[in-house]
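Sequences listed follow chains Z and D, in order.
Quick note, the first sequence lines up with residues 1 to 385 if you use my numbering.
Quick note, the second sequence lines up with residues 1 to 213 if you use my numbering.
The reader is advised that the hints may include incorrect statements.
Said to hold, decoys possible - With a cut-off of at most 27 Å between alpha-carbon atoms, the simulated DSS-like pairs for lysine-lysine come out as follows:
(1) D:K146 to Z:K93
(2) Z:K302 to Z:K278
(3) Z:K93 to D:K149
Hints in this document: simulated from the structure, not taken from any laboratory.
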Amino acid sequence: MSNSLRRTTAPWRIGVLFSRTGFMSVIEETQYQGTLLAIEEINAAGGVCGRELVPVSYDPGSDSAAYGHYAKRLMIEDEVSTIFGCYTSSSRKAVLPVVERLNGLLWYPTLYEGFEASPNVIYTGASPNQNSLALCRYLMDNYGSRFYFVGSDYIYPRESNRVMREVLKANGGSVVGERYVSVHARWQDFLPIVQDIRRIRPDVIFSTVVGEATIFLYQAYANVGLDPRKMPIASLTTTEAEIAAMGFDVGEGHITAASYFQGVEGEANDSFVNRFKKRFGGDVSTNMCVEASYFQLHLFAKALEQANTLDTEILRAMVMGTTFDAPQGAVTVNPNTAHADLWTRIGRANGDGQFDVISQSREAVHADPFLIGYGRATAQAGNTL
Amino acid sequence: MNEAMRKPVSNREAVGRKSMVQELADLTTVVLAPMDDQTTLLLRELQRYRMRVQQVWPMPTTVPGEADVVFCEYCPDLARRLPWIPGDARSALVVIVPASEPIQAESLSHATPNAVLPRPFTPNAVLSSLVLARSQFGYERRLRSKIEKLDENLRSMRTVERAKAILMATRQMPETEAYSFIRRQAMDRRVSASAVAAAIVDSFELLGYDPQH
Numbered sequence: 001m002s003n004s005l006r007r008t009t010a011p012w013r014i015g016v017l018f019s020r021t022g023f024m025s026v027i028e029e030t031q032y033q034g035t036l037l038a039i040e041e042i043n044a045a046g047g048v049c050g051r052e053l054v055p056v057s058y059d060p061g062s063d064s065a066a067y068g069h070y071a072k073r074l075m076i077e078d079e080v081s082t083i084f085g086c087y088t089s090s091s092r093k094a095v096l097p098v099v100e101r102l103n104g105l106l107w108y109p110t111l112y113e114g115f116e117a118s119p120n121v122i123y124t125g126a127s128p129n130q131n132s133l134a135l136c137r138y139l140m141d142n143y144g145s146r147f148y149f150v151g152s153d154y155i156y157p158r159e160s161n162r163v164m165r166e167v168l169k170a171n172g173g174s175v176v177g178e179r180y181v182s183v184h185a186r187w188q189d190f191l192p193i194v195q196d197i198r199r200i201r202p203d204v205i206f207s208t209v210v211g212e213a214t215i216f217l218y219q220a221y222a223n224v225g226l227d228p229r230k231m232p233i234a235s236l237t238t239t240e241a242e243i244a245a246m247g248f249d250v251g252e253g254h255i256t257a258a259s260y261f262q263g264v265e266g267e268a269n270d271s272f273v274n275r276f277k278k279r280f281g282g283d284v285s286t287n288m289c290v291e292a293s294y295f296q297l298h299l300f301a302k303a304l305e306q307a308n309t310l311d312t313e314i315l316r317a318m319v320m321g322t323t324f325d326a327p328q329g330a331v332t333v334n335p336n337t338a339h340a341d342l343w344t345r346i347g348r349a350n351g352d353g354q355f356d357v358i359s360q361s362r363e364a365v366h367a368d369p370f371l372i373g374y375g376r377a378t379a380q381a382g383n384t385l
Numbered sequence: 001m002n003e004a005m006r007k008p009v010s011n012r013e014a015v016g017r018k019s020m021v022q023e024l025a026d027l028t029t030v031v032l033a034p035m036d037d038q039t040t041l042l043l044r045e046l047q048r049y050r051m052r053v054q055q056v057w058p059m060p061t062t063v064p065g066e067a068d069v070v071f072c073e074y075c076p077d078l079a080r081r082l083p084w085i086p087g088d089a090r091s092a093l094v095v096i097v098p099a100s101e102p103i104q105a106e107s108l109s110h111a112t113p114n115a116v117l118p119r120p121f122t123p124n125a126v127l128s129s130l131v132l133a134r135s136q137f138g139y140e141r142r143l144r145s146k147i148e149k150l151d152e153n154l155r156s157m158r159t160v161e162r163a164k165a166i167l168m169a170t171r172q173m174p175e176t177e178a179y180s181f182i183r184r185q186a187m188d189r190r191v192s193a194s195a196v197a198a199a200i201v202d203s204f205e206l207l208g209y210d211p212q213h
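Isolated chain Z, as found in the complex:
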């Protein structure tokens, strides 16, 4: 009996939930690709404990509630306990009750607003202390302290702006405007906003617009002739994928804070970018969400190799403290928070649709999703750089 168990070659079935259709597909399709690339690499190297990884994948079509229903289907009908997926906070919050009640494990490869720590989630995207703080300091040092907030109207932008406002105020800055648009916003919805921006003349536009709407914001900005050298759009969510969709000329000069850009130097990243392009075509770019989706699969495989079971309790214990040489640099799942310790970088989009890294941390920054270490010390926000 134990002999046959040890020798099994049955595949490990894992769930994958990214929207490949709908308004979030611009970015989630790339997360799907990052996930797929890692699975193929792991399988090509002989799988985990001699067993192949087999993804069971659904497309929730950018509908938050559908994530909850597919998570239920994955865990109950497909008998999968580990799920990789979700971009928006609304979709994560739809999956949360399912994985918590049925004791599954969700791997979430997206930056988010922090203030969460579920025993059934591993967070591999950036928390506010790994992007917002450094971005705020950089913008204030280089452009000025009057910020204009534009965001999509859902949890992440509102919460993220709450954190940014706090950091900004603590550093002597001010919010001179704050506007929210529907996640389904079209280009005309941004016209009154860019007009308002032109009138108010802030030093920086801080955008938490996500998905397709991102493209319309940057295009509307370009159309009214605003100059990114003087008043850039700064974002935590605009990646190479959105820049490619809006046009390189439209994106040029704008700023994003992220743990990863395709332009990150180093052998690990060069090789990753080559493999990604070989698999998905030379004209597609990697981005922070591809990278997090990719390295979290490798972190998972490393932990699974030790655990040799998908049992959530055992697997999770093995994941805590696991380190992997990701394309962004070495990353570790912080055992205190189940969030990954990640690198902090500021990038400026260039004419080739890539980000030039203009500032980066010396090492991975510890995840602090509840901003516990920043209660009164927000004035030192930038000192990780």
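The hints should help you fit chain D onto chain Z, whose structure is shown.
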């Protein structure tokens, strides 16, 4: 042995709350089971507790989701027929378990019942499953709302901290006095301390005040 345990069960007036059985009155319940002698007994018991009962059979594709308590015959794909996602149930669920036909542990677990009622039914078994399901369901819901409130408190604590710092700087209040000022304002206005704190922070922001400088 504490005082509460010695109190006579019949003396509800002194306890000041309804008995468990009284609490059952007027609750709505749906029974998903074929009509037979057993089900007749179950319905009779539920009616005896003055519950409002509806019996449904054959098993619908989607279990009705509006009742307070659902009694539902076990079936292997029960979880899929439930109208909610696990962790977000809207009714207390009692799964009726067959006497001798084998059942699958996973199927039962996936349905996340709050209690089970094995056949053949007895009045004691019916009451036990009812009490257990109601209390487990209620407890789970209270824990969830407690976690939501904790999350909310965590956020509002940061606002209160900032409001306190503003008061300390602008009104030369010592720390304890700043806190009690916020609390007093909250009581007078019948709003939460965090709402008062948010109002203080917002109004000072409007005036361009910066607590760090």
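- Query: So which of those numbered hints doesn't the model satisfy?
  - Reply: Hints that this structure does not satisfy do not exist here, as all of them hold.
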